[in-house]
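So the protein lines, in turn, are chains A and B.
Under our numbering, think of the first position of the first sequence as -3, with each following residue one higher.
Under our numbering, think of the first position of the second sequence as -3, with each following residue one higher.
Honestly, I wouldn't trust all of these hints.
Chain copies aren't distinguished; within one or between two, either way the pair holds.
[Stated by the list, open to error] Below, a list of computed lysine-lysine pairs in the BS3-like style, where the Cα atoms sit at most 30 Å apart:
hint	residue 1	residue 2
1	K25	K91
2	K80	K107
3	K91	K118
4	K107	K68
5	K68	K118
6	K93	K107
7	K107	K25
It is worth saying that the hints were derived from the structure and are not from the lab.
Number of protein chains: 2
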Amino acid sequence: MPHIPLEEHLPGITGLLEYRQDSAQPIRKLTQLLLRGPSTLTEAERELIATIVSYGNECTFCTTAHTAAADKLLGESNTTRAIKTDIGSAPVSEKMKALLVIARHVQQSGKSVTTQSIQQAKDAGATDVEIHDTVLIASLFCLYNRYVDGMATRLPESTDYYNTLAERLVTNGYRRLPQGYSHLKKISPTP
Amino acid sequence: MPHIPLEEHLPGITGLLEYRQDSAQPIRKLTQLLLRGPSTLTEAERELIATIVSYGNECTFCTTAHTAAADKLLGESNTTRAIKTDIGSAPVSEKMKALLVIARHVQQSGKSVTTQSIQQAKDAGATDVEIHDTVLIASLFCLYNRYVDGMATRLPESTDYYNTLAERLVTNGYRRLPQGYSHLKKISPTP
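Only chain A is shown next, with the shape it has when bound in the complex:
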């Protein structure tokens, strides 16, 4: 049960973003920019960073939601399964493997990021902006995971929820839903 009263039909982050809408606005904006804005990393690659950090923080809601979003963007679920157990075995580029290693380090602590792991990413072709964005996205999901679990938010009653949420994250991103998205809106007002 959540530590504060949140709307029962809004699990995970969704109830929190409704609870304090003024703080939700910049959180949503930052997420939309980093995960859906212009980038040389694909949307799927950025969802993989969100997934691996949430998985490391053992945040069930965020891990399941971003796994579903990445799976939908990739059209398969082998990659999200692989990165959770052995990044080296995942069917992603060497650059992406190196960035996922950095994300896992950030999840543990900023101080865990090593010069060696940064160099590996650079050697595999990662740009400075890609390294920057990987660290910032990983840091942002350390915020999300703590917010969601620190408030003891509910999980959805059915795992179907995550498929609908993933559809919305792929279609609409992290913005507040515009008018006319009632088929997605039923699950929550914000992802």
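Place chain B on chain A using the hints.
Here is chain B on its own, set in the frame of chain A:
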């Protein structure tokens, strides 16, 4: 040395906020809202939450900066010294002690927050919004600390820097500096 090229005269978070200004904007807005916006927690109390989380994450830049800001707001440095070693001994209210305990839990993990620690805060008079904001501020500083240390940002050359920065955080908050603040602007374009 930072993992990516950042302006040499901008230590800690300040160089990062300049490096990618579009992501800096919502980060700054969220921080201004949570640490300086309307709240039943004082600005000093909110800086104490930032301080204890940054200290727990061993982020030297953030710990020193927010310690200096809290000290300036409080007019003394006993409180920031006390919360780092023994929250119970700090000259703050029972409510604030309970909220600082929650912040320390969030720093470790969202899952570390206990029903008991939440109940202690409520018993000491903490409102739902105060509990919410404590968890979100603590989560935000987990983002900051990872961003600052994950990118291996520089420390300032002189500790005088932190006094000037604290003056700015007290006077101007977390917004971008307006025109005419050249005496503060010299240290950095953003806190």
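How the hints compare with the structure:
Within a single copy, K25 and K91 get their C-alpha atoms as close as 27 Å, which meets the 30 Å cut-off; across copies the closest is 32 Å, which misses it. When the C-alpha separation of K80 and K107 is checked against a cutoff of 30 Å, the pair qualifies both within a copy, at 22 Å, and between copies, at 19 Å. For the homomeric pair K91 and K118, the shortest alpha-carbon distance inside one copy (8 Å) is at most 30 Å, but the shortest distance between copies (48 Å) is not. Within a single copy, K107 and K68 get their C-alpha atoms only as close as 33 Å, which misses the 30 Å cut-off; across copies the closest is 28 Å, which meets it.
For the identical chains of this complex, K68 and K118 are intra-copy neighbours only, at 29 Å inside a copy versus 42 Å across copies, given an alpha-carbon limit of 30 Å. With identical chains, the CA atoms of K93 and K107 are at most 30 Å apart both within one copy (20 Å) and between copies (28 Å). When the C-alpha separation of K107 and K25 is checked against a cutoff of 30 Å, the pair qualifies both within a copy, at 27 Å, and between copies, at 26 Å.
Every hint from the earlier list agrees with this structure, and none is contradicted.
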